[in-house]
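Asker: Sequence:
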Amino acid sequence: MSGLLTPIAGESKKRVCYFFDSDVGGFHYGPGHPMKPTRIRMCHSLVMNYGLYKKMEIFRAKPANKREMSQFHTDEYVEFLSKITPSNMNNFVKEQLKYNVGDDCPVFDGLFEYCSISAGGSMEGAARLSRNKCDIAVNWAGGLHHAKKGEASGFCYVNDIVLGILELLRYHKRVLYIDIDCHHGDGVEEAFYTTDRVMTVSFHKYGEYFPGTGELRDLGIGKGKYYSCNFPLRDGITDESYKSVFEPVITQVMQSYDPSAVVLQCGTDSLSGDKLGCLNLSMRGHANCVKFVKAFGLPLLLLGGGGYTMRNVSRCWAYETGLAAGVELGSEIPVNEYYEYFGPDYKLDVRQSNMEDMNTREYLERIKGMVLDNVRKVGGPPSVQMTDIPRTADDYADDNADEDMDDPNERIPMRQRQKMIQPDMELSDSEDEGEGGRRNHQSHKATGKATASRKTPEIDVPTSDLLSANPQAIRSPRTATTTVSSETVPSPTAAGVDTAEKNGSAAMDVDTAKASRVSTRAFHVSASRGSTSPFTERTGVNLSETKYREVSDSLHSYGSYLIQCLPKFVQQYSVLKDELTLYVAPSAIVPVLSFLRDHTQCQYKAIMDITAVDFPTRDQRFEVVYHLLSVKHNARIRVKTYADETTPVPSAASLYRGADWYERETWDMYGVFFKDHPDLRRILTDYGFEGHPLRKDFPLTGYTEVRYDEEKKRVVYEPLQLTQAFRNFDAASPWEMVGEGKDMKPEAFKLPVAKPAEEQKKS
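Straight run, no breaks: the sequence shown in the UniProt record's numbering ends on number 763.
Worth flagging that the hints you see were computed from the coordinates, not collected in a lab. A quick note: this is a predicted structure, and the numbers were derived from the prediction, not measured. Honestly, I wouldn't trust all of these hints.
To be verified - Distance windows between CB atoms, simulated:
#1 Gly10 to Pro211: 38 to 48 Å
#2 Pro7 to Asp609: 35 to 45 Å
#3 Asp103 to Gly10: 43 to 53 Å
Ideal Cβ positions, reconstructed from N, Cα and C, are used throughout, including at glycine.
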C-alpha cells in the first residue's frame with residue numbers, strides 16, 4: 001500500500017468525511033446522454049482500491065426529502081419532480097415545458113431518488129462542517145450548479161450546492177463559493193445574486209457556450225453588488241495560465257471577503273479531452289485548485305459537477321480525494337472492477353494535449369486586473385447581525401404522530417427512538433417474528449430502491465452488485481449531534497462497548513443500548529432486507545442464556561455497529577453464547593475481511609481457519625466459514641458466506657497469507673471454488689482423487705477401489721470384485737456369503753413370481 005499512497009510533506013492532518021451512496025451509480029439519463037452517474041461509482045472504486053478509506057470517514061447520507069429541497073426550490077417544482085416518471089410523463093406535458101424537463105434534462109427511472117441522494121450528501125457534508133465534525137467534506141455526487149429555483153437546466157434538476165450553502169449559513173457568517181467547472185455556475189450565482197453573505201467566484205468558458213452567462217460585468221445587485229465574481233476564459237487554457245489567474249484572484253477574495261467556510265465545485269469538464277469541455281487542464285493542474293484552497297485552512301466542502309469523459313473524471317476526483325486526505329496517489333492504477341476503462345497505459349494522470357491556447361497573456365492580465373479591482377470594491381468583510389440558529393424541519397416534528405404513516409426517510413426523534421427499544425421479557429420472540437411481526441412492510445419495488453424503516457434502516461443488499469458498495473458506509477442523520485466515529489465506537493470486547501455507551505455517542509447512533517434494553521427486533525430486521533440471503537439462522541437474543549448474557553449483550557452492540565458500518569455488505573448477524581457471526585454474500589467477502597482486518601475497532605489480523613458445511617437441500621448448498629482472531633482486542637469473529645458447485649467465492653489469500661492452505665483444504669474436501677487463488681489444488685487427497693470427501697452426497701459404498709500405485713506414482717481407480725453381497729440381511733449379520741441367503745420378509749408381503757414366457761405359451 002505504501003506505493004499507492006504517499007503522505008504529502010508539511011501538511012497538517014485534516015479530518016475528512018467522504019459521502020457515497022452506491023445507488024447513485026445505477027441511474028441512467030438515457031441512451032446517448034453525456035451525463036453518466038456511473039462515473040461516481042468508478043471514482044469510488046478507485047478511492048477504495050487505493051486504500052483511501054483508511055485516511056477518512058465514509059458515510060452514506062440520508063437522502064434529502066421534499067421539505068428540505070423546498071428550502072430553495074418551489075414546492076410545485078419539487079412536487080413535480082417527485083411524481084413524474086417515464087411511464088406517466090405524457091400526463092405532464094405542460095409541466096415539462098414549464099420546468100424545462102425533457103431534452104437536456106430528461107425524465108428517467110428514479111429521477112427524484114437521484115436528486116435526493118445528490119442533495120442529501122451536500123447538505124449532510126455542510127452540516128458536519130458546521131458542527132465541527134470534520135474539516136473537509138467530499139460529495140462527488142453533488143455540484144449540480146445549473147438548477148434554478150423553479151426549473152431544471154444543464155443536466156441539473158436540484159441545486160444541491162445552494163442547499164448545502166444554506167445549511168452552512170445557519171452557522172457561518174459568510175460563505176465563499178468557487179466554481180472551476182468549464183460552464184458558468186449560473187444557478188448558484190442567481191440564487192445569491194442579491195446578498196452579501198455568499199460570494200460566488202466562477203472561472204469558466206464564456207461566449208457562444210452554455211449557459212451563455214457569466215460576463216465580467218455581472219457583479220450582483222443591491223446588497224450583493226460586487227459579491228458575484230466572474231472570470232471569462234477562452235478555449236485551451238493550460239495549467240500555467242490557469243494558475244496565474246486562479247491563485248491571485250482567490251487570494252484577494254480571501255483577504256477582502258474573509259469567509260468562514262468555502263464550497264469548491266470541482267467540475268472536471270475543464271480537463272483536457274473532455275467530451276463537452278473546451279479547456280486544456282491536466283489532472284494536476286485541476287487538482288492544484290483544490291490544494292490551494294485547502295491551504296487556507298477553512299472548513300471546505302468539495303463537490304463534483306460536470307465531466308463527461310468518465311475515465312478522466314474518476315481519475316481526477318480520486319486524486320483530489322487523496323489530496324484532501326493529505327496523501328498523493330501513486331501513478332499505477334490498482335486493479336478494480338473498472339480497470340479496463342483505464343487502458344492502455346493504466347496510469348492515473350490526465351495530461352494536457354497540444355490544443356492551442358486562445359488565452360493570450362495580455363488577455364489574461366487585463367481580465368485579472370479588472371476582476372481584482374471589482375473584488376477590492378467589496379471594502380472588507382460585511383457584518384452579519386447576530387441571531388438564533390434557524391430551526392430545521394426536524395425541530396417541528398410531531399412526536400405523537402402515527403409512526404406507521406410517517407415518511408420512512410424522516411429523522412427519528414429521541415422519544416420515538418426510545419420507544420423502539422424493547423426491555424427484556426416485554427415481548428417473546430414469537431410475537432415479533434414471522435408474518436405477524438410488527439415490521440415496516442413498505443415495498444421498495446415500486447420506486448426501484450429500498451426505503452428505510454422508521455424503526456431501523458432497511459437497506460437493499462443486491463448480492464450481484466456488492467463490489468461497488470461502500471465497505472465503511474455509516475448512515476448518519478443530517479441533524480444528528482452524535483455520530484459513529486473512530487474514537488467512540490463499540491469494540492469486540494465488552495469493555496470497549498461499555499466505554500462507548502458511557503460516552504453516549506456510538507450507542508444511540510447505531511440504535512443499540514445497554515444490557516437491560518437489548519431488543520430482538522433490531523437484530524431480526526437486519527435479516528429481513530431486500531436481499532437473497534439463504535441464511536436461516538435465528539438472529540435474536542436467546543433469553544435463556546443467562547450464563548453468557550453480559551458478553552452476548554456487548555456482542556450484539558458490536559454486531560449492530562458493524563452492520564451500520566457495512567450496510568451494503570453485511571446481510572445479518574447472530575450471537576450464540578459468546579460468538580459473533582456475520583453473514584455476507586460471496587462478492588462481499590474481500591471488502592468485509594479488509595474492513596475487519598484494518599479498522600481500528602476490529603484489528604482481526606489473523607485468520608485461524610476456513611472451512612465449509614454442506615447442506616444439499618439448499619440452492620446454495622455450501623456455507624463457507626471464516627474464523628478470525630484479533631490479538632489486540634482478544635476477540636474472535638466468524639464470517640459466513642454461501643456458494644454452490646458453480647459459484648466462486650473470492651479468495652482471501654491476498655489479505656491473509658494463511659488463507660492459502662485453508663482454501664485449498666476447503667476446495668479439496670467440499671469443492672468450493674475460490675476465485676483468484678494463487679494455487680488452488682488438492683492438499684489432503686491425491687491430485688488424481690475424484691470427488692470431494694466431505695460432501696453429503698459423496699458415496700460411502702461402491703465397486704471401485706482407490707489405491708496408490710507405486711509404479712505410476714499416483715492414485716488409481718480400479719473396479720472391485722467382491723465375494724460378498726449386500727443382500728437379505730438381518731440385524732445380527734448385515735453381510736452374508738453369496739447364495740440364497742435367508743429371506744426375512746413375511747409371506748404375505750411377497751409378490752408372486754412371474755412365470756417364464758415359454759411356459760405361458762405352452763399353457
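Asker: Next step is simple, just say for each hint if it's right about the structure.
Answerer: Here is what the structure says about each hint:
1. Gly10 to Pro211: 38 to 48 Å: This hint holds: roughly 40 Å between Cβ atoms.
2. Pro7 to Asp609: 35 to 45 Å: 36 Å, holds
3. Asp103 to Gly10: 43 to 53 Å: 49 Å Cβ-Cβ, so the 43 to 53 Å window holds.
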